Amino acid sequence: MDPVIQFLRSNPWARRGLSFFSVALLVSALGVLGYPVYTNVVHDREQGQLDREIASDDVARAYRARQLKDGDPLTRIKIPRLGVNTVVVEGTSSKALRAGAGHYPNTPLPCEAGNVAIAGHRTTYGKPFADLDRLKEGDVIILETPIGSCTYEMERAPFIVEPTDFSVVTNDPAKSILTLTTCHPRGSAAKRLIVQATLSKGAGAAA
Amino acid sequence: MRTIKRVGGMAVAGLLLSSFVGGPAASAQTTSSPETYLGSAAGHALLLSIAGNGVSAGSSSASLDSTLKVLAEGTGVLNTGVLPLGGTTPVRAEVSGDSTRDAKELSCVTPALTAPLNTLLTVGVACGSALAEVQGGLPKAVGTGTVMDLDVMANTVLSSVPISALDPVLQPVLGTIDTINKLVDNLDGEGGTVPDLKLDDSVTELLGALQSTKTLDVRIGDSVSQVVTSGDTVTSTATSAGGVISLLPVSLPLADGTVVVKPIVEIVIGSSRASAVYNRGGGASSGSFDPSIVTLRINLPTTDALGQVTGINFQEIKIAPNLQAVPVAAALAAPCADAPNEICVLAGTPLETRIAVASGRTFTNPDGTVGAVADAVKVHALKNIGSLVAALDGGILLELAHSEALVGGQAPQTLAMPDIPRTLPRTGSSSLLPVIGLAGLAAAFFSRRALVRSH
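Line order of the protein sequences matches chains A and B.
Taking the numbering used here, the leading residue of the first sequence gets 1, the next gets one more, and so forth.
Taking the numbering used here, the leading residue of the second sequence gets 1001, the next gets one more, and so forth.
These aren't lab readings, by the way, just hints derived from the structure by calculation.
Quick caveat, the model's predicted, so the values are computed rather than measured.
Just so it is clear, CB atoms sit at the ideal spot from N, CA and C, and this is done for glycine as well.
Treat the hints with care, as some may be off.
To be verified - Pair ranges (Cβ atoms, derived):
no.: 1; chain 1: A; residue 1: R156; chain 2: B; residue 2: E1035; range: 45 to 55 Å
no.: 2; chain 1: A; residue 1: Q67; chain 2: B; residue 2: S1286; range: 46 to 56 Å
no.: 3; chain 1: B; residue 1: L1432; chain 2: A; residue 2: R156; range: 28 to 38 Å
no.: 4; chain 1: B; residue 1: L1432; chain 2: A; residue 2: K201; range: 37 to 47 Å
no.: 5; chain 1: B; residue 1: S1033; chain 2: A; residue 2: V37; range: 43 to 53 Å
no.: 6; chain 1: B; residue 1: L1438; chain 2: A; residue 2: T170; range: 34 to 44 Å
no.: 7; chain 1: A; residue 1: R45; chain 2: B; residue 2: T1423; range: 26 to 36 Å
no.: 8; chain 1: B; residue 1: G1137; chain 2: A; residue 2: V37; range: 53 to 63 Å
For reference, chain B alone in the conformation it holds in the complex (with noise of 0.2 Å):
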């Protein structure tokens, strides 16, 4: 029992030693940087530019970052121009921190657009619905706009430029006809069946269609932007659903003397779709799209006529991610000059039209942030117009199911600091440690003559 007295103090000795002799313990330095993420996402159903004003339709918008700040907004109908035109207010969630919640429901209504918009765009109901939150410190982002019906009328500006003034314009429309008529007599051959195209029957009834018919009838979907956070990843994702455009409703006459009203061009348009995603564990990002495969329908009464010669269906063209022009149609549509992934319709004349189809890209910035951008269609018609008609300069505009998405971010770093001694060296001990050993001396004689006492 004695023994296990003497070695159990000699231990409490021991450490209370330990702490008088032994210098603090060398611990390396760390300083460390946290996780830095953003992600954005956003898209729109439907941009339709007139002379430089108009509207975006089903326009959608998300975007988070690591602070925890997340926006979402959801919009029907939008004024992109200078002009007060109308349109819907955005509808916006927005929150700033965990355990945070706004939901706006989906907000319908029938814009009011001014003149002149209204005159040239009719819409129908319009949309929108946007979610902010963070939960268990992962922050979310949905917005979502919707335009029910959208109808687009240039006639009423048109219909007062006197055909005469297009002369200009048949020129060159009339050396291509020439063309495409010399190719039929060739595969046709001497004596063949399929009549020659009539100059002034397709021009005039082209230019006559742009006078007096609604120019565009679109039926578009949603466009959702989100950018959801999960332990592992932020997602940007920006999906447009798509549409049919019908371009310039004409009644055409059918071979058996019947008459029908069809679009000269029918676009039917699928979604595109724009992905990015950054990896929180390995600080990398990528991106991804999915542009939309696009039909094209051509119903002039032209095609029916070179399909038979040529064995291609002029009248349904699926159009894959690369854009190629159909060979004999190259004379009236072909590869931009300065811009190949772009189709020139009338290139070089007042009615140009340029028509980029199912496009997308993904790209670095030089912050290292990673997007992706996916468009089903870009049409700019009647670009140089407004040589003709100075009121319309700019031409029309329109842009179909647009998706962009952007993600980037920094994992957390531990960096090992030097050591910076924070003051000069410390080279003397304590005064105090003779008084405090002596202290100890004279407890410790105390505490025997106690227990010699007390026995």
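One chain only, chain A, in its complex shape (with noise of 0.2 Å):
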């Protein structure tokens, strides 16, 4: 007889704790699988409240003012060549990040003149910044804010940078360009995939 089924059925203490672990390994299982399911989830209800906030005129108004807080709707970004469609909210904190994508605080408004910066998600919350790897030079990316838009085409192919590599996010008065960030390699965060385009419509469309 196999010695663990003998051991079991000589200690009653082993079943009654072999009993209450599977209980526990079952759950927990269940829950990491089902994980990016819940994600996506509290992507779309986020997302499906940002698509009616964006359009409001309080939005317009706090845009103007430069008054947004964390979480409020900033703009909404779409990459033709991805099909990416997602309004992206002010802030790169983890709450923020919920609705998928976030713009860097410290940087630029969309459109401005500058650096703008702008986080995505690639594996969870709605994963909108999945694809990024597969852009390429000539690619273009528009922003739409509450009070105009504009469109960045890609000069360079993606890079890979390290996480502590700040410097693809410093502003710089002189150019206008757009940079997404994101995880890489896709369910890693060992790196960061990074996308710079330069700004070539709607220059003052922010001003």
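Since each chain comes alone in its own frame, lean on the hints to assemble the complex.
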């Protein structure tokens, strides 16, 4: 007879413990496997609400006054090549990024001069930036703000940097660029994937 | 029983899940600046300088700071000038760090002064002690300096000066004494009993005494400087005990014809104290001082005469912290024109002497430290004698019972720092999650299978 089975037969307390543990394992495993599904549900709910709010006059007023708070809708980002169409919120906190993508607070507002930076999820919370690595030179990225829109065009391929490399989001008022950041490789936070594009249309839209 | 197992299992599962799903708890970052403080105290029972060179006697100092560095010194006699005039070695105690102690017991010697100071100054036994310690993180420093006896003999130098060379000095003195004589006549009335001041007698006696008599005879006490730290405060205190200064002991005739030897001026001094306290909780500092009450005894015959007429006891004048010249004696002694807190005697002459008595003040430095200073007596005698005797340029400077204390610090502060991300935002979950989930499922399956087979 299997010694494990023998042990369990002769020790009732061991059977109880194993029974308790197996239930816990089952629930935990289901939770872990279901986590991405959970985040997508949260993302969808957030985006539904943001869709309504970004069209409101209140948001437009707050945008002009530069008084948007962490989590407020900021701009819609469209990447035609990837089929991305999502509302970006202000802020890059973990709470704000439950919407899928968030604007770096210390960078210029969309369509303004300087380095506009946006971070987005790659595997959870709607994964809007899941396929950023497929972009290439010449692809366009459109930002639609409450007060206007603009278009950026990629002049270089996506590249990889260390998670601590903040130079990619450092502002340079002499340039008008858009920087998108996400984790790399997919499912890991070991590096960051960077996409940069230069403002090509609608430069004064958000003045 | 089965229900308990299921509920318990669900609870454990919930805890395990929260470690994957829940994000890191938000915590405010803070930075703190540690407490800083410092304290120092110093004093001397006597500072004597003749023509710019001299000694301080009965000196003490103490200092400490929040880095737990502590230093204390006590010195019997310390050379303060350029000339190597001798003195005693400072008794020094110094420690750094907690649970340390350095105690130097009282050490006494008879200092060997060198020429030319030893022709002007004799010093009795001079002692010093010092203690520096840190116990329980609280530093403490105490320094003590003492001189038992000290004599100053300026006459050895002045005896070489002929009286005729002092004629330029006599003119203003002449005018002063003449004024006093007229005043006495007015008060006493015609045919009164108060004799006039005799010019030649008074001035000659004074000048003769300078040339032949020991100038100063000083008995002084201790100087103690200490800085003590408690849980609430840092307290710096300097205390200098006073003594008796006998100036120009001379032979004075009494009315009955007998002669007594008395100093022309006796200055009897209490002790001075300067203190400063730093409050560690609030970070505020304050200072205070207690200057000595000084009694001035003047033993010239003229003072007796004036006292009889005016009813003012010239022989003994108590001087409060706000020194005020006796009105009738204003001709001889009056507030200095350029320093109203000092009394000038024979102002404008080579023999001009300045006296500041029982003075003190508190102050706040630009760096926020607060201090106090107290002086029992500060006498600058023969201030302008250098115009007659070049070797004595600078005159005789005497400071008695000088105390000073200083404290400062800053209470510990906790500052909220803005959240500064250390990495670009994390926007990807671990790729191991599905593997972990499947592994958990497999483990749960085999566990249940083993349980079923064991029944």
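> Hint by hint, which ones does this structure get wrong, listed from lowest number up?
Replying inline: none
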